[in-house]
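Going down the list, the protein sequences come from chains A and B. Residue numbers 132 to 422, in this note's numbering, belong to the letters of the first sequence in order. Residue numbers 218 to 632, in this note's numbering, belong to the letters of the second sequence in order.
The hints are simulated quantities; they were obtained by calculation from the structure and are not laboratory data. Glycine included, each C-beta is placed from N, C-alpha and C at the ideal position. Please note that the accuracy of each hint is not assured.
Label-pair ranges, simulated between beta-carbon atoms [as the list claims (entries may be wrong)]:
| no. | chain 1 | residue 1 | chain 2 | residue 2 | range |
| --- | --- | --- | --- | --- | --- |
| 1 | A | Ile228 | B | Glu517 | 52 to 58 Å |
| 2 | A | Leu265 | B | Leu622 | 48 to 54 Å |
| 3 | B | Lys291 | A | Val192 | 57 to 63 Å |
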Amino acid sequence: MLTHALFGGLLFGLYFTLVGLGLNLIFGVMRIVNLAHGDFLMLGAFAAYWLFTLFGLHPLVAAVAVLVVFVLVGLPIYYLIVPRLLVSRDSEMLSIILFFGLSQIIEALASIFFGTTERSIPGRVLGTGPVRILGQSVPSAWAFGAAVSAVAVILVYLYLYRTRLGTLTRAVMVSRDEALATGIDVHRVSAIAFGIGIALAGIAGVFEPFMLGSVTPAIGGDITIAAFAVIVVGTLGNPLGTVLGGIVYGVSLLLMQTYLSSWANLLPNLLLIGVLLIRPEGLLGRQVRRA
Amino acid sequence: MLRRALLGLVALVPLALARPVLAAEAPSEIKIGHLHAGSGPYASISMPVYLGLKLWVDQTNASGGAFVKAFNKKIPLKLISYDDQSSTATAATLYNQLITQDKVDLLVADSGSVLTSVAVPIAREHKQFLFDPTGTGATFFQNNPYIALLADPVSTIWPKYIADFLKDDGVKAGIKKVALLYSTNDFTGTQATALRGFLKTPDSGLEIVYDQGVPTNTSSYTVLINNIAAADPDAVIALGYTGNDIAFLRNLQDSGNKFRFLFAIYPGIETDELVKNVGPQGLDGVFTYVTSAAIAYKPEVGPTEAEFRKMFEKANAGSGVAYGFNAIAGYTTALVLQETLAHADSLSQADLRKAVFGLSGKLKTLDGTFELDEHGAQIGEITPLGQVHPEGKGVKITVVYPHDLATGKPVFGKP
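If we strip away everything but chain A, and leave its shape as in the complex, we get (with noise of 0.2 Å):
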């Protein structure tokens, strides 16, 4: 059980990793809470479900639908939003208000045209039955979930660490106030992180339905939650610290349903409190945490 819960754990922590990844981007380049996170994730859920019932597309290729539309999306969202915000005397604080507002509303509109009744997708669509991986039993969703989280951990490291808008991003999240002195253009650069950090929700809702079962769009607030703790832990403003925070979310989180499965929903509070007390600048601590 232990072995199973550690490697499950594993996986289903890199799933996470994928969960928390844009919130963490957004963060780290804005200084800004995105707590509507959760709802563009159940959004990514929503259109991949749309996208396999009407025209039988598989996930993999919604996934880049996804991608392509959440960009997109992303950039006006931005434009009308963002800038205002961080001219704002505390902008971290006001960004908390205005996006649960903004949280809200999705949830709300996604009730009105979607309706409240769960929706999901058929596990056969990912593969029948469990894969086995290191001597271990795994569901195909876990396998899919994992692998592609991994895909876009690479493809973020590689937009931050080996392109120049990467270059430029790292440098707003540095200091705001230098890259714009320096004739960076501050809001192309956030725009387009903001865009992709909301498209790296949406991929992870693509994949929601075969990890959490099913999509509503009242889940938007507990994943929210779950994505602040995977960061927090991870090292808030450090898109890359994310991996750990999220192995430290799965693992913690299966070993808690193994050994204290009453008390399993604790855990994020548990882990925000945990660091927060322990080690407030995350696991990765100070020297990455402006990547």
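Please build the complex by placing chain B on the supplied structure of chain A, with the hints as guidance.
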């Protein structure tokens, strides 16, 4: 003598005047207060109840209103239903608002035990009778004269047939070890406690080898299923809400584990939704409760289940709300309200209670026989044990226990 007679006449004057005044005081509308969860984890069990209730209100108003015996006339209904968003804190505020601000005549709780649990003490404190559609927590009915459970039995009764079936047919088929996994809330937690009590009798021949509770918002069961399999049970009983059952059954399919006996609550309650999300093959052989959605009762009041289903689906086409037992529960609640108004001597809470309890054992609806025990707990609308079998793109459910109601024989998985 003459003085006494005169005094008596004077005393009768107000009573004589009271009758025409009473008729004149008939309200312009009967206010029904209700909460529904338009979003959140309980929306899928709450919205069907709300829409079932609303359907009856619309139908009744279209025919001129509900007959109210206290005023001997039909009076239009006004449904005041707020959205509690599945939040118990919001629900508590809104229940108070319905009683103290809206001053509703009839108070109907939201669906399910979690959102009903906050209504129970509030209604009791304000001495307002609570019409409880599906809040089945056993504690609601302890020393509480202000409640009646209308559309399904109290939680302690639900698992009786599971236990009896396992002790009877199950043991004969070689089932000895039982795993119990439940969500920690009033509805399923109470059932788990009751089930434990039924199974842990010395002569049961059954042993509980796994017994774990999980939070109601659990959405990943893979590791739990692996842990259950490690305990090597013959029978697995999973008690959760709709979302829990969907996640559990999907994860079970993905895991490749199979058990000789598998029970889940919602395949028999929200059948369409489970079929849509888990698929007919994923439900093959699953034992479940059989509700009025799968049993054709002959109602003496209101439509049959088939007629109601047509009405519900027509009225709510495109709403995104699936038809299932909770829709029936909403309409059954409405029929109880209808009969209560038709039998209550006044709209006082005491007379409403008296009228509801007066219906016990006499009212037969599409949900079976409405029968209350002395505490207001529902004991008539029973939930036999059934088994799901794929049929075309859907499923059919056969009743397997109790034997006198059985429509088919149980099929156990291979050892």
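We went through each hint and held it up to the structure:
1. A:Ile228 / B:Glu517: 52 to 58 Å: This hint holds: roughly 56 Å between Cβ atoms.
2. A:Leu265 / B:Leu622: 48 to 54 Å: holds (50 Å)
3. B:Lys291 / A:Val192: 57 to 63 Å: holds (58 Å)
Checked against the numbered hints given earlier, this structure breaks none of them.
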